[in-house]
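Enquirer: The residues making up each chain are set out below.
There are 2 protein chains.
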Amino acid sequence: MLKFDEELYLKNGHITYETREEIEKIANEISEEGFSNIFFISVGGSISIMWPIQEMLKQMTNIPVFSEQAGEVVLTGHKQLTKDSIVIMASKSGDTKETVAAAEWCKINGFRVVSLVGTPEAPLEKASRWVIPNKAKNGVEFEYMQLFMFVFKLLYNAGEFDDYPAFANQIKYLPDNLLRAKQKFEPVADEIAQSYHDEQYNIWIGNGEMWGEVYLFSMCILEEMQWVRTKAVSSSEFFHGTLELIDENVPVFLVKGEGKRRVLDDRVERFCKQYTKKLVVLDTKDYELTGIDEKFRWILAPTISSALLVDRLARYYEKYTGHDLDMRRYYRQFDY
Amino acid sequence: MLKFDEELYLKNGHITYETREEIEKIANEISEEGFSNIFFISVGGSISIMWPIQEMLKQMTNIPVFSEQAGEVVLTGHKQLTKDSIVIMASKSGDTKETVAAAEWCKINGFRVVSLVGTPEAPLEKASRWVIPNKAKNGVEFEYMQLFMFVFKLLYNAGEFDDYPAFANQIKYLPDNLLRAKQKFEPVADEIAQSYHDEQYNIWIGNGEMWGEVYLFSMCILEEMQWVRTKAVSSSEFFHGTLELIDENVPVFLVKGEGKRRVLDDRVERFCKQYTKKLVVLDTKDYELTGIDEKFRWILAPTISSALLVDRLARYYEKYTGHDLDMRRYYRQFDY
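Here the protein sequences come in this chain order: A and B. Sequential numbering of the first sequence, starting at 124, is according to the numbering used here. Sequential numbering of the second sequence, starting at 124, is according to the numbering used here.
The hints are simulated quantities; they were obtained by calculation from the structure and are not laboratory data. A few of these clues could be false.
One copy or two, it doesn't matter: identical chains are merged, so the pair holds either way.
Derived SDA-like pairs: lysine to any residue, alpha-carbon spacing no greater than 25 Å straight-line [claimed, not checked]: (1) LYS260 - THR184; (2) LYS401 - ASN325; (3) LYS383 - SER154; (4) LYS202 - ILE153; (5) LYS202 - PRO288.
Could you build all of it, start to finish, from the sequences and the hints given here?
Expert: Below, the structure written as structure tokens:
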């Protein structure tokens, strides 16, 4: 596989899964203290992987769930955000300015923060009441794993997700499955990148629990790391504006999930098949999850797309564009 | 003014304001029945003008507020959406498929729906428990006026917006003010459209209570009605991906509001001033609201931008592109 260490990947999966006990301990502590609602607060890629979970929770729990951009909520507050709330944050570097500032703001206000932090002793740790160490060097899918274990354990404790033990036992097999998905996707990624790396503009579409995936890949990877222009739009909203842009030469990338909103993706697919010659469909259904129950697939779908897109497709874009994924002209290059 | 009937506009403002009593009666009835939370449910342009209000409500009320895309919520449900909820919907045509289906779904489930309907006896009316007639032929700003009166009267009844009587009295003067804003903006709109109508790609940025405005104009006007490619991103999220696309020839449109998140717009402005020669700033502060208290301006800011963008700037785009605003190749042209 292109610029990819399979052994290290599985090791990262392993050390991520090893945090299960620690995560469940934190969840139990919070359940014991009690809480009235859940706030996801972060920025960019980190908030976008919380949105899928927020979408799932709408269907799974009576606990009200909100999400806020870190840089915004500190300016306005939010009447639902109180000392009874649980705030979930994440930052790979642990020093994302807005997220650290929001965590400190929460601390001052007495809001309880639990954070996924990818860098030990980073500033975000200090401002958080609880820390889930995000030990894997790479892989958004591993952050999903931790968020799933944490949030679904809270639900389990509230009597709302009886399947949690089975779910948590089975996601042990996720890294192996995702590695096989990556291997299977490798030639597809190569072909997509070869065909589309030079496109001036791309429409990315997805929905519900896949929306964060579409948002993240188009903005935080293609725009930030490849300087490729994108428009991301949800499968439902596509039909209320963006559809008029479609002609046979406009590339459309559709990321299909496996939840109840999949029919909206099907509709986009049917439409785009007719009106563009450049439709690429990424369907998580094409990838097996051995050892994992069918009923958990819709939840795990974003981990599959993440495994395929965020490093695999990105890596192949890099191969053809020659634009190093680490090159930035502005972001974190200087103060602004 | 270009293709604009000033007298008719003021008349539309007048007949909109005349619905105040009817709106307040509905609000009072709902307050009397009681409700546990508010759901905004609609699609496209209609949901996007509800988002600013949702953003304001975060700062104004202890009532939990949610928003859902009509086509999605009927597939998944939402655990917070119950018989105790109040659902707010809107459709100018009154026959938007997803919205009508969602209203009917609400009715079957016993969820109470109040709708803004622009066409008498449209299907949306039949599925709604209460109807606010949206009598003005045109003008998103008039829909805002009705939503403001309705939602803020609910807050007032809950003891949360004591300023309501003053607010509602003063927005009587809004149409005159918005007409003057349009007049002042006329040469600016002409200049912007002349300079930018041919651009292949535009970044639109705004934040908080202005986000819906940015979303609506970029997708429902520029994309749908002018087939112009856009990327809309919030002022806070811009710095987590999209900023890397900026170079001196990339057009950026920044819509500045007057709320607490304005500092985020200022940051975008400072950044973009340095790195593109094509920055257009639309600042609601440039337009007077005579007879209206300063403290209400941040609430009314989206009505100003709407008054400037949705028909004025759109009209001037049409002038220079020669692309009729009513021309669609797909939307509502056939089944898909």
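Enquirer: Next step is simple, just say for each hint if it's right about the structure.
Expert: Going down the list of hints, with the structure as the test:
For the identical chains of this complex, LYS260 and THR184 are neighbours neither inside a copy (32 Å) nor across copies (42 Å), given an alpha-carbon limit of 25 Å. Taking the closest pair of Cα atoms, LYS401 and ASN325 come within 25 Å of each other both inside a single copy (10 Å) and across two copies (22 Å). For the identical chains of this complex, LYS383 and SER154 are neighbours neither inside a copy (29 Å) nor across copies (34 Å), given an alpha-carbon limit of 25 Å. Proximity of LYS202 and ILE153 under a CA criterion of 25 Å is satisfied in both settings, with 21 Å inside one chain copy and 22 Å between copies.
Taking the closest pair of Cα atoms, LYS202 and PRO288 come within 25 Å of each other only across two copies (23 Å); inside a single copy the shortest separation is 34 Å, beyond that limit.
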